[in-house]
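As a plain string of letters, each chain reads:
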Amino acid sequence: MAGALANQIIQGILLGGLYALFAVGLSLSVGIMRFVNIAHGDLIVLVSFVLLSLTSKLGLPLVLATAIVLPITFGGGYLLQRLLLQRVLGQSVLAIVLVTFGLSVIVQNALQGTYGADTRLIPGGDIVTATIHLGGGINIGVLPLTIFMSAVALVFALDRLLYRTRLGARIRAVSDNVASANLVGLKSAHIYAVAMGIVGVTMGISAAFMAVSTNFDPTSGPSRLLVAFEAVVLGGLGSLWGTLAGGIIVGVAQSIGAQFDAGWQLLAGHLVFLAVFLLRPQGLFPK
Amino acid sequence: MTSLTGKLPLVAIGRGLLGLLLAMLFAAPWIFDPAELQILTELLCLLVLAVMWNLLAGYADIVTIGQHGFVGIGCYAFYGFVVLAGVDPYLAIPLAGLTSLAFAIPSMVVVFRLRAAYLAVGTWVLAEVMMLGAGKINAFGAGLGVSLPVSVVRAFGGNIVERFTTIYWMSLALALVAMGATYALMRSSTGIGLTAMRDDEEAAGTVGVNLFRARVACFLWAAPFLGLAGALITLQKLRVAPAASFSIIDWTVYIIFIVIIGGVGSFEGPIIGTLVFFLIREYLQGWGVWHFIVLGAVSIAMVLIEPRGIWGLLRRIVPGDLIPVSHKPPRR
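Taken in order, these protein sequences are the chains called A and B.
With my numbering applied, the first sequence covers 224 to 510.
With my numbering applied, the second sequence covers 70 to 401.
Wrong hints could be hidden among the right ones.
[As the list claims (entries may be wrong)] Under the rule of at most 20 Å between Cα atoms (straight-line distance), these lysine to any residue pairs were calculated in the SDA-like manner: (1) K510/A / L183/B; (2) K205/B / S446/A; (3) K306/B / Y159/B; (4) K510/A / R182/B; (5) K510/A / Y187/B; (6) K280/A / G347/A; (7) K410/A / L307/A; (8) K205/B / L497/A.
In case anyone wonders, no lab produced these hints; they're calculated from the structure.
Turn these sequences into a full structure, and let the hints guide you.
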């Protein structure tokens with residue numbers, strides 16, 4: 224029994240890695256641009272569908288397809304911020320929520336119109352079924368482990384980028400005070416757009432991992448958004464390592480919930496989120 | 070003065086159109102066939118939801134994406150009272166509204182700890198929890214849902230025409246009460262504070278508007294109306310089910326589009342939005358998913374071009390509000 228529980232917790236932690244991948248991009252846009260992109264999950268799903276087309280129609284290996292897509296997601300994020308989101312950034316909260324909400328509905332329905340409503344999964348080959356047996360009833364999938372390690376690596380890299388590079392310093396300067404940043408000659412609109420481009424890259428990476436590890440369909444976006452949001456809020460707004468911790472909490476809660484009944488998985492994740500949020504509204508690692 | 074009198078008829082014409090619309094609504098059971106009456110009933114329910122979302126998002130700065138949660142609670146509560154508890158069907162409707170209110174009170178602990186865009190997603194999480202929770206209750210058919218028994222349905226009319234007419238009158242009454250009461254709320258001192266908040270939240274706080282109290286009042290105000298609409302919606306759909314009763318598309322996505330396109334932060338907006346939505350749905354329904362894309366694109370364009378929607382555009386030529394929520398400054 225203890226072994227089974229330990230196994231569930233470990234599976235939950237690994238699942239949390241996937242959720243943290245969904246969430247780091249949202250965490251960046253919350254931390255830097257100070258808005259929640261309602262279309263965050265839908266854009267990830269959009270990239271997953273693009274990868275599906277590249278792998279199944281053109282027969283490219285997923286790694287190559289992802290390498291092709293990442294520069295595009297950077298450009299997509301850049302243009303999205305520059306052409307659309309920047310226009311409403313200074314306005315009311317209502318405006319930014321509504322624009323990203325409208326975008327979410329458009330992406331979902333465009334995907335449904337193009338690809339149909341079927342559930343998809345990109346075949347990942349041997350890595351999907353490979354497992355490491357640790358004994359004591361604990362088995363670790365190679366794919367979930369890879370995803371978890373990638374999440375840790377991505378958080379580490381983004382943290383270095385923000386706090387150890389000139390670009391990071393510029394992004395933080397614009398985020399702290401747009402007016403002063405403009406005053407010292409920073410092009411805030413451009414820097415925000417670059418930050419959103421980086422968010423786009425994180426979306427591309429999480430889309431690739433999502434596409435091989437979980438089923439997705441055109442309406443999968445909102446559930447990804449909610450999980451990512453919970454990870455961000457639990458971790459503390461703007462804290463990247465906190466987001467990883469938040470993702471793990473939601474992952475473990477879902478994994479243990481699924482033990483009782485398959486239908487309890489999602490509900491358990493939400494309930495644990497609400498409980499932790501009520502006890503610690505500022506998050507685990509507030510900035 | 071001449072230019073003013075030259076423009077005055079526009080307000081009068083607008084009010085005339087509203088009056089005509091109202092007259093048509095009162096005459097509807099004699100003009101329309103049951104199928105048309107059912108569409109009208111549905112539109113009235115959407116109007117109620119739109120008025121409430123407008124009150125929250127347009128005035129109280131509570132941009133919720135979780136409105137469907139309270140509608141669904143109303144649906145389930147109506148079924149619970151009437152079928153499981155055996156309450157009189159007509160009494161179960163107001164009880165459904167009260168149940169939504171009862172759920173709104175603890176929800177405030179979460180909602181009012183989140184600000185701005187976080188609140189939007191937070192309300193969505195709450196609605197998701199309500200839907201998933203409802204899907205776990207076996208007495209309500211768990212994930213599949215359950216139909217209303219024929220005996221309950223019969224309580225609202227022996228045949229289909231009679232029943233549709235009864236439900237129509239109840240929906241019209243609900244829409245008029247929701248609008249009338251919200252109008253009265255907006256004209257009260259709380260409402261003046263809300264209008265001030267809409268225009269400038271910080272400034273309103275500075276001059277002594279109790280922002281927190283006003284926002285709480287709006288949140289609790291909206292909930293029972295959402296529940297009442299849920300009960301009437303259940304009477305039309307004749308069943309409750311997690312996905313349909315807590316439909317984010319029907320009770321939140323469409324509603325947001327209605328209010329944004331019609332005009333957020335005005336009393337005319339939700340009415341215009343509901344009419345436009347009806348036209349778009351009737352004429353673009355054959356387009357399938359593309360009608361969503363049109364709605365989404367139009368609302369984004371609206372936010373960018375005229376955040377106050379169609380009414381905001383019209384208001385540039387129409388010199389006054391058709392339903393004046395604000396008080397006129399005293400003449401000197």
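Quick rundown of the hints versus the structure:
1. K510/A / L183/B: Holds: K510/A and L183/B sit about 16 Å apart, inside 20 Å.
2. K205/B / S446/A: Answer holds: K205/B to S446/A is near 18 Å, not above 20 Å.
3. K306/B / Y159/B: Holds: K306/B and Y159/B sit about 17 Å apart, inside 20 Å.
4. K510/A / R182/B: holds (17 Å)
5. K510/A / Y187/B: holds (16 Å)
6. K280/A / G347/A: Satisfied, since the Cα-Cα distance of roughly 15 Å is no more than 20 Å.
7. K410/A / L307/A: Roughly 17 Å between the alpha carbons, so the hint for K410/A and L307/A holds.
8. K205/B / L497/A: Judged against 20 Å, a Cα distance of about 18 Å means the pair holds.
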